[in-house]
Each structure stands twice: as structure tokens, then as C-alpha cells.
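Use the sequences and the hints to build the structure in full.
Now for the letters of each chain:
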Amino acid sequence: MKFKNNTVALDSTDLRILNVLQENARQTYTAIGKSLGIAHSTVYDRIKRMERHGIIKEYTAVIDTEKTGAKNIIAIMTIFTDPKESDKVAKKLCQAPQILEVYTSLSEELLIIAKVVAENQESLHEFIARSVAPLPGVLRIRTSMITKKFKETRFSIANNPRQLTFIKEKSNK
Amino acid sequence: MNLKILRTLPREKAFYFFTSIGNYTGESATSLKEFTDKISEVNVKSLEFHFYRGDFEKWTAEVLEDKELAEQIGTLRKMSPIGENLKNGLHHILIRRYSRLRSTL
Numbered sequence: 001m002k003f004k005n006n007t008v009a010l011d012s013t014d015l016r017i018l019n020v021l022q023e024n025a026r027q028t029y030t031a032i033g034k035s036l037g038i039a040h041s042t043v044y045d046r047i048k049r050m051e052r053h054g055i056i057k058e059y060t061a062v063i064d065t066e067k068t069g070a071k072n073i074i075a076i077m078t079i080f081t082d083p084k085e086s087d088k089v090a091k092k093l094c095q096a097p098q099i100l101e102v103y104t105s106l107s108e109e110l111l112i113i114a115k116v117v118a119e120n121q122e123s124l125h126e127f128i129a130r131s132v133a134p135l136p137g138v139l140r141i142r143t144s145m146i147t148k149k150f151k152e153t154r155f156s157i158a159n160n161p162r163q164l165t166f167i168k169e170k171s172n173k
Numbered sequence: 174m175n176l177k178i179l180r181t182l183p184r185e186k187a188f189y190f191f192t193s194i195g196n197y198t199g200e201s202a203t204s205l206k207e208f209t210d211k212i213s214e215v216n217v218k219s220l221e222f223h224f225y226r227g228d229f230e231k232w233t234a235e236v237l238e239d240k241e242l243a244e245q246i247g248t249l250r251k252m253s254p255i256g257e258n259l260k261n262g263l264h265h266i267l268i269r270r271y272s273r274l275r276s277t278l
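Heads up: the sequence lines are chains A and B, in that order. According to the working numbering, the residues represented by the first sequence are 1 to 173, in order. According to the working numbering, the residues represented by the second sequence are 174 to 278, in order.
Mixed in with the good hints there might be a few duds.
[Unchecked claim] Here are some chain A residues pointing at chain B (derived, C-beta under 10 Å):
#1 F80
#2 L124
#3 L139
#4 M145
By construction, these hints were calculated from the structure, which means they are not laboratory data. Remember, it's a predicted structure, so these values are computed and weren't measured experimentally. Think of the CB as a built atom: it goes at the ideal place given N, C-alpha and C, for glycine as much as any other residue.
So this is what it looks like as C-alpha cells:
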């Protein structure tokens, strides 16, 4: 069932299936059904329904770029913007292939936070100087280069404590 | 030619002042006049960052298309000035160049 605010009602079975898929999306319907104690046809129906509603957006490969030999640098840009232009700046950033993620944040000032990848420091600077600083509404930019990664996970059902508790409670019953 | 050097550039060709890699101060210049004014306004840290990367020479030669000014900045670079000496040195070169160009119009 789809609600007005574009959300879809999910029950504990849906959440448990999502949890299993996020751990390994290459499992068969039968394997998922077996691990959750439900019929594979139920797994199939639920997954198809969630695909249809856009809850499951895609199945993709997570690549360890360090192991591919790529020596890219990753940086986090904090872009201070004129509030009137903020959305336009964010949308423009989204079009650049160097930009991996874009968020807006409201602290004392309206900020855009973007994750950017570049071959080296010079190409990072060139990109910011030629493609970000000139955007109308950009007031100033602070950039931090990432030197070491301690953790990187994508948001999952298992990261959401309330939903995780819900899943565990249902699983134990 | 002199008129061309004194023109106002489009926003995407402006000089954008940074203090280090990726850290934009919010200051920019779209003409020689504005560049001259900004040199005396921006943080010395920004001037040192661009000066020793050769950014000022590159922009004045390739974007403003003023090779003579670029050479003068290059000559100053050989003297390795820092801090206020750098600011004053650059400002002096730019004011002199701007006044000369204006007087020939």
C-alpha cells in the first residue's frame, strides 16, 4: 500500500527480506526463504512488490577501488551558499561526474556538503576552482581531504536501531 | 590590445582566490582593475598560495592575455617575497601596469 507522502507500508517480513538482501543480494529466493523460514514464493512476491514501488532501487556491485590500483583522492567539500541559490548549486554539483554525494545541511548557515573524487590534489583544485567556485551563489568553500578510512557502510535496515529491534523481535517469535 | 587587457571577463574566467587546495575564500576578480584591488584586500596566505604555484602568472598571461604583466610577476617571484612584502610588491606591479594601460587609451 502506498501512502500520500510517497512511502510504502512495510511489515516485518519485508524488513527481514531487505536485511538479508543488503547482506547478500545474490542469494536465491529459496535461500532467502529458507533463512527466514518463509516460502520462496512469498520472498519472490515481496521482492517484486518492493522493486515495483522503488524501495529496492537496484542491485549493484560494491568495489574496493584500492584493490583495483586506482590512486584517487577523496575529499569532502563544505560549500557555504546564498540560501536563494542553494538548490541550484546542489543540482549543478549533481551533474559533475567527480561528485559522488551531495547533501544540504542547515547549521548556522546553509551549507552544501559534497563528496568529491579526483586523480590528485592538482586535479581536485582545478575542478573546484573552475567548476564549483564560479557557480552563482557560492560564497566560500572549505575542503578536507580524506587521509584514512576507518569505516564505510551504506545505510541499511540493520543500521536503523528501531527497525533492527523490530526485525529481531519478530524473528525470535 | 590594451583595451582587451582591461576588459571585464565572464564569471567562469575570473580569478578565484584560495588559501590552499580546495579552500575558496569567496573573493574573485573579473578584471585587471578588480584583481589589483583584491590583491590588497585578500589574506596574505592566499597570495602566497597562488604566487608560489604560479597561478597569477598563468591567469594574467592566459586569461587576461597580458604577457608583459605575467613576466613582471615572474620577476618578482625570483625574489621570493613573503607576507606584506609580497602583497606590497604585487600591488605595486599591478597598479603601475593598470595606470600605464589606462593612460594609453
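How the hints compare with the structure:
{"no.": "1", "hint": "F80", "verdict": "holds (8 Å)"}
{"no.": "2", "hint": "L124", "verdict": "holds (6 Å)"}
{"no.": "3", "hint": "L139", "verdict": "holds (5 Å)"}
{"no.": "4", "hint": "M145", "verdict": "holds (7 Å)"}
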